[in-house]
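Enquirer: From these two lone chains plus the hints, build me the complex, please.
Protein chains in written order, with the numbering used here: chain B, 175 to 288; chain C, 750 to 859.
It should be emphasised that the hints constitute simulated quantities derived from the structure, not laboratory data.
Misleading hints may appear alongside valid ones.
Far from chain B, some chain C residues (derived; all Cβ distances over 10 angstroms) [said to hold, decoys possible]: (1) Val762; (2) Glu806; (3) Asp827.
Using C-beta positions, here's what the derived DEER-type ranges look like [stated by the list, open to error]: (4) B:Asp271 / C:Ala859: 39 to 45 angstroms; (5) C:Lys805 / B:Ser191: 44 to 50 angstroms; (6) C:Ala859 / B:Glu196: 39 to 45 angstroms; (7) C:Asp827 / B:Gln187: 31 to 37 angstroms; (8) B:Val189 / C:Gln829: 41 to 47 angstroms; (9) B:Glu196 / C:Lys816: 34 to 40 angstroms; (10) C:Gln780 / B:Ser241: 28 to 34 angstroms; (11) B:Ser232 / C:Pro759: 41 to 47 angstroms; (12) C:Gly778 / B:Ser239: 38 to 44 angstroms.
Ideal Cβ positions, reconstructed from N, Cα and C, are used throughout, including at glycine.
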Amino acid sequence: SQTIHQWPATLVQPVGSPLSLECTVEGTSNPNLYWYRQAAGRGLQLLFYSVGIGQISSEVPQNLSASRPQDRQFILSSKKLLLSDSGFYLCAWRGSDRVLTEAFFGQGTRLTVV
Amino acid sequence: QKEVEQNSGPLSVPEGAIASLNCTYSDRGSQSFFWYRQYSGKSPELIMFIYSNGDKEDGRFTAQLNKASQYVSLLIRDSQPSDSATYLCAARSGTYKYIFGTGTRLKVLA
Numbered sequence: 175s176q177t178i179h180q181w182p183a184t185l186v187q188p189v190g191s192p193l194s195l196e197c198t199v200e201g202t203s204n205p206n207l208y209w210y211r212q213a214a215g216r217g218l219q220l221l222f223y224s225v226g227i228g229q230i231s232s233e234v235p236q237n238l239s240a241s242r243p244q245d246r247q248f249i250l251s252s253k254k255l256l257l258s259d260s261g262f263y264l265c266a267w268r269g270s271d272r273v274l275t276e277a278f279f280g281q282g283t284r285l286t287v288v
Numbered sequence: 750q751k752e753v754e755q756n757s758g759p760l761s762v763p764e765g766a767i768a769s770l771n772c773t774y775s776d777r778g779s780q781s782f783f784w785y786r787q788y789s790g791k792s793p794e795l796i797m798f799i800y801s802n803g804d805k806e807d808g809r810f811t812a813q814l815n816k817a818s819q820y821v822s823l824l825i826r827d828s829q830p831s832d833s834a835t836y837l838c839a840a841r842s843g844t845y846k847y848i849f850g851t852g853t854r855l856k857v858l859a
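This is chain C alone, in the form it adopts within the complex (with noise of 0.2 angstroms):
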């Protein structure tokens, strides 16, 4: 069974501060990483994709993936209190398929 692990949090983190959200993922033959924003009761958002080790910056946003540990991140920037929400970690498992992780919650205390 494929799969992609998250804490759940919640995690509490000061407006302004850097937000760190992590995942890591079983399938070592996925090849892209998806990090998605979902409001509660609402749909996922996409934010950020990545595909190749490092870093990958846009915006407030960066992705970083190390395919060695398996393992992708998500860090946020000067954090609002509308980032709060549940950031959702994607990898593509083969040609079509996508796996989620089950999210973690992130609360941005104003």
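So here's chain B without its partners, still in its complex pose (with noise of 0.2 angstroms):
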């Protein structure tokens, strides 16, 4: 069966201070692979989604940035840190397979920037 591993499960960095969130998933080839962040009491927002192996689209113009250097690693990153980056940051995927459409979530990463 496939699983989906996102981690930290929590983080506090401060401002300005660079970000790597990590997020793999087994069971799987080829995945669609994507990074949601949802920030207090709102909903999920699409930042980035990837469909193969250095694709990335991006969804939100901000200072993040997402890489998928290997099948099922997606990579979310930043630079500089803003406390407007604050969020639970959430790693999802589906298969490719065009009859399997749902997409399915890790366990997210509870970011806090100070």
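Expert: Laid out in structure tokens, this is it:
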């Protein structure tokens, strides 16, 4: 069966520091991968998605970036964090098979920028 | 801007009652719709998905889709206190994107 791992679970970072969040998927090949952010009391905002290695689509212009160095690895980065980057970051995957269209989430990373 | 709209709630129902959660979507081209449950501090968990007009039942849950009205709903029968959570409605827009509503908070009162 497929599983998704996301780490760390919680993170407290000072303003201006760099960020790297990692997500890996097991048990599937060529998944579609997603990064979402959920601010306190708000909905899920799509940040990036990827349909293959090195292929990144950005949805929201900001100081975040994403990379997909391997088929089942998705990384969210920032060179300098802002206070507004605080939130719950969620990685999600879905199969590349057109029949399987449900997206499944990792456990999330709660980021607090101080 | 393609959107999915939900009433934020809270929706309070007594234990054993039917909870009815609704959402509307703006992208008429959306073909797939999803309901996720999110407990406080946790990540969303998929409950149901529906692609065709009409009803789809899974245990205590029934998803309903009306594409003409651009309306999706989730019914939870025999509501339990453990059903208390935020329910997120999502629509797949295009091939890859999932657009989420802000969620409806459900409280089941024991």
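Enquirer: Can you name, in rising order, the numbers of the hints this structure does not satisfy?
Expert: 7, 11, 12
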